[in-house]
Amino acid sequence: MTLITERAARSIVKYPARYKKVGLAFGDRVFPVSAPNVIHPTDTTNSCSPKMSADSTMKLHEYQAKRIFAEAGIPTPDSRLATSVDEAVDAGRDLGYPVAVKAQVQVGGRGKAGGIEIAGDDDELRDAADAILGMDLKGYTVDRVLVESAVDFVDELYLGVTMDRGEGEPVVMVSSEGGVDIETVAEETPEAIAREHVDPAFGLHPYQARKAVYGADIPDDAARAVTSVLQTLYDLWESNDASETEINPLMVTSEGDVVAADAVLNVDDDALFRHSDLAELEEESYTDDLERKAGEYGFDYVRLSGNVGIIGNGAGLVMTTLDLVDYYGGAPANFLDIGGGAKAERVANALDMVFSDPNVDSVVFNIFGGITRGDEVARGINDALEQFDEIPKPVVVRLAGTNATEGMEILNTELVQVEETLEGAVQRAVANAEEVAE
Amino acid sequence: MSIFVNDDTRVVVQGITGGEGSFHTQQMMEYGTNVVAGAVPGKGGEVVEGVPVYDTVHEAVRHEDADASVVFVPPAFAADALFEALDTSLDLVVAITEGIPTQDMSKVARRLRETDTALIGPNCPGIITPGEAKLGILPGNIFDDGKVGLVSRSGTLTYQVVDNLTSRGIGQTTAIGIGGDPIIGTSFIDALERFEADEETEAVAMCGEIGGEDEEEAAEFIATEMDTPVAAFIAGRTAPPGKRMGHAGAIVSGSGTGTAESKIEALNNAGVPVGDTPEQVADHIEDFL
Chain A
1 MTLITERAAR SIVKYPARYK KVGLAFGDRV FPVSAPNVIH PTDTTNSCSP
51 KMSADSTMKL HEYQAKRIFA EAGIPTPDSR LATSVDEAVD AGRDLGYPVA
101 VKAQVQVGGR GKAGGIEIAG DDDELRDAAD AILGMDLKGY TVDRVLVESA
151 VDFVDELYLG VTMDRGEGEP VVMVSSEGGV DIETVAEETP EAIAREHVDP
201 AFGLHPYQAR KAVYGADIPD DAARAVTSVL QTLYDLWESN DASETEINPL
251 MVTSEGDVVA ADAVLNVDDD ALFRHSDLAE LEEESYTDDL ERKAGEYGFD
301 YVRLSGNVGI IGNGAGLVMT TLDLVDYYGG APANFLDIGG GAKAERVANA
351 LDMVFSDPNV DSVVFNIFGG ITRGDEVARG INDALEQFDE IPKPVVVRLA
401 GTNATEGMEI LNTELVQVEE TLEGAVQRAV ANAEEVAE
Chain C
1 MSIFVNDDTR VVVQGITGGE GSFHTQQMME YGTNVVAGAV PGKGGEVVEG
51 VPVYDTVHEA VRHEDADASV VFVPPAFAAD ALFEALDTSL DLVVAITEGI
101 PTQDMSKVAR RLRETDTALI GPNCPGIITP GEAKLGILPG NIFDDGKVGL
151 VSRSGTLTYQ VVDNLTSRGI GQTTAIGIGG DPIIGTSFID ALERFEADEE
201 TEAVAMCGEI GGEDEEEAAE FIATEMDTPV AAFIAGRTAP PGKRMGHAGA
251 IVSGSGTGTA ESKIEALNNA GVPVGDTPEQ VADHIEDFL
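One line per chain: the protein sequences are A and C, in this order.
Going by the working numbering, the first residue of the first sequence is number 1, and it counts up by one from there.
Going by the working numbering, the first residue of the second sequence is number 1, and it counts up by one from there.
Source of the hints: derived by calculation from the structure; they are not laboratory data.
The structure presented is a predicted model; accordingly, all values stated were derived computationally and were not measured.
The C-beta atom is built at its ideal place from N, Cα and C for all residues, glycine as well.
A couple of the hints might just be wrong.
Below, a sample of chain C positions facing chain A; criterion: calculated Cβ distance under 8 Å [said to hold, decoys possible]:
1. V48
2. R62
3. A235
Straight-line Cα separation of at most 25 Å, DSS-like style, residue types lysine-lysine; simulated pairs [stated by the list, open to error]:
4. A:K343 to A:K138
5. C:K243 to A:K112
6. A:K138 to A:K112
7. C:K107 to A:K211
8. A:K138 to A:K211
9. A:K293 to C:K107
10. C:K107 to A:K138
11. A:K293 to A:K211
12. A:K293 to A:K393
Turn these sequences into a full structure, and let the hints guide you.
This is the structure:
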């Protein structure tokens, strides 16, 4: 049982709190400094990784997720999306002050990075919107903000639904310690998060939602409303093929009402084929021109900081090639998986991709053909290299598996260095990188 | 001896009329696999590579006495194909398909627990017992029959390690690619349990990668339940947190779980040597024999 508890605790660590309580604490109530009984969402703690081409989920913006949550009946604060300072001020006047101005970018730590401000009047709102719109937030340019009514609150809760991959089952999570860094809660006091595994054939039974809510010591006056939100959050998770749905914090007002102050809806990429409405929301959000290019080519690509460019087939073998570059004293510049069954053109594109990285001083091409054929790979390498008068960076090629012999006959060995083993190829590429770098 | 498959295994190919399905049916038969039927809705009565095609898996099992299936069905229809396979008396289902929605696999895994069928995959290269049968897309020519079992989350890394073994004359009893997805059928532990029970398997090579905790759980199993020696390789030591390395399952979350370090430490603590390179894994295996 301990193992399961720990695993489930860790499973939410990827999605820590978007908000941190700001203000003065009196007992277990928190009052913001400038406006009593009004929450100041500030989003100070978050280690969420940014959306990238190689991620397996599509992350919706907060305002998109909130719209979907609200349509499903989860109470959310009144809000408006604004793309200019004037629009933001109009929104503030309509909503009534104070309001929160929140950068809509798919990265965590918005508050800490200055992406969330509180405004008490037109001037403050104008200043906040002017500062946030156009700002660079961890590589992303902010082009829209959510202007949102601040909410009176007495408690902040955490609700989440995700897949426990170890169990192969969904798990719902509830904590009365929302708002603070849920990562810390999960690691230091995992018992403060009530968890309930769900049989995917039946979905979340109402009793399970109640069990989780009462198990998390949610105040009695709010328990019924929280249970209802949790049930809806699970239904949204299931109906949208989500990898995660999360509300942190779910605010409890003095009347015992609940309001979702943030909303997370991340969708399984592999299921987008049956969610055309969600697929339409997908945006390019590369922080890096090379990752954008990899996205256009359709490669699994991750840019790293070293100078040895790496191309291979199959995730495990490419990872291994990276590890060996490191093991033999080099530094990998990237992860690039051409996938299975790549034709010559794709192989040539991969080389173009790696040559486009100015950090790359040397390239290792490691193919172990299963459904990928050595002759196609050799043709692709020839095509890519024959267009150069001079090869930009030394390329080491190691071909094994299906049609490797045919590939070696085709390969123009005047343009590349050939090695028979993985270990030999990596060592040579590392040596080349050292030589070029000097 | 071998695990899961041998030359008696009677195979039905689900999705046999597709490009991948027909090509690999031919490859499997060339290797000597006993492919007895195909199953594709609406294609009953056709013949592919000399193999009769049925509309349903049930018919294929009834008419051709199939006891294993290989699934090449596209991701949108793959879960249904797996439910269909699990609704028959098949002993083994091998799912090659990549990109099956995770929630679909959660439901399949739930159904799987109610059956006596073993599922390998999805998103895997399949399984091979050298010289007898292969179910999947592995290149048969790099394998050789022998005394070493191999289990891996990655296809091409399997080939690499097999190559390191075969090239120094070390053959394999059975090699299994269990797949790189977050939710899979046969786990490391399931495969290790079978290798432990197999009299011919004298050592096991295990190839893990970052993400999840399957390797850590396998380490505990090896320490407590296995006499057969195991050597391991873990891919992804240099992977930065939060970046998915190709496989949906190969991601290290911000908290540091699923890292190569934690897996290597768990395996070392279980007495399992972990090679820094695939060649070193072969060295360890050679020492065991």
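Quick rundown of the hints versus the structure:
Nearest Cβ of chain A to the Cβ of V48 of chain C: about 18 Å, over the 8 Å cut. The hint is violated. Look at R62 of chain C: its Cβ only gets to about 27 Å from chain A, farther than 8 Å, so that hint breaks. Checking A235 of chain C against chain A: minimum C-beta separation of about 4 Å stays under 8 Å; hint holds. About 36 Å separates the Cα atoms of K343 of chain A and K138 of chain A, which puts this hinted pair outside 25 Å; it is violated.
Annotation: proposed proximity of K243 of chain C to K112 of chain A holds, straight-line Cα distance about 22 Å (limit 25 Å). Among the hinted pairs, K138 of chain A with K112 of chain A is consistent with the structure: their alpha-carbon atoms are about 11 Å apart, no more than 25 Å. Distance check on the hinted pair: K107 of chain C and K211 of chain A sit about 23 Å apart at the alpha-carbon level, within 25 Å; holds. This hinted pair does not check out: K138 of chain A and K211 of chain A have alpha carbons roughly 40 Å apart, beyond 25 Å.
For the hint linking K293 of chain A to K107 of chain C, the alpha-carbon distance of about 36 Å lies beyond 25 Å, and the restraint is violated. Between K107 of chain C and K138 of chain A the CA atoms are separated by roughly 38 Å; this puts the pair beyond 25 Å, and the hint is violated. The hinted pair formed by K293 of chain A and K211 of chain A fails the criterion: a straight-line CA distance of about 48 Å is larger than 25 Å. A threshold of 25 Å between alpha carbons decides the hint, and for K293 of chain A with K393 of chain A the separation of about 20 Å falls inside it, so the pair holds.
The structure fails hints 1, 2, 4, 8, 9, 10 and 11 (numbered hints given earlier, in ascending order).
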